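**Student:** Here our numbering runs 350 ahead of the position in the sequence shown, where the first position is 1.
Treat the hints as calculated values from the structure; they're not laboratory data. Among the clues, some could well be false.
[What the hints assert, rightly or not] Calculated cross-link-like contacts (lysine-lysine; reagent style DSSO-like; alpha-carbon spacing at most 30 Å):
(1) K403 / K361
(2) K355 / K403
(3) K386 / K361
(4) K387 / K403
(5) K362 / K394
(6) K376 / K353
(7) K353 / K387
(8) K362 / K380
(9) K397 / K386
(10) K376 / K362
(11) K403 / K376
(12) K355 / K397
Computed from a prediction, not measured in an experiment: that's the story for all the values here.
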Amino acid sequence: MYKDKRDYHFKKASEYQMLAKFYEHKDPAKHIYYYKKHFYHEMKFVKYSEMMKHSHESCS
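Using the sequences plus the hints, can you model the full thing?
**Tutor:** As structure tokens, then:
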């Protein structure tokens, strides 16, 4: 399904970004709802990316 948590959060952030964009001018409440979900998963993706970067640097 997903390779790791980073992959999961990347895919979720992308899905919620598309939904937020879709509702941007149609339903402001849904736009905000999906944008917050997008932002949450985007931040998680960045966190796990940084963790992976640091773990690879410490192994070198």
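**Student:** Confirm or reject each hint.
**Tutor:** Results for each hint:
| no. | hint | in the structure |
| --- | --- | --- |
| 1 | K403 / K361 | holds, 19 Å |
| 2 | K355 / K403 | holds, 14 Å |
| 3 | K386 / K361 | holds, 15 Å |
| 4 | K387 / K403 | holds, 24 Å |
| 5 | K362 / K394 | holds, 10 Å |
| 6 | K376 / K353 | violated, 34 Å |
| 7 | K353 / K387 | holds, 21 Å |
| 8 | K362 / K380 | holds, 16 Å |
| 9 | K397 / K386 | holds, 17 Å |
| 10 | K376 / K362 | holds, 21 Å |
| 11 | K403 / K376 | violated, 39 Å |
| 12 | K355 / K397 | holds, 10 Å |
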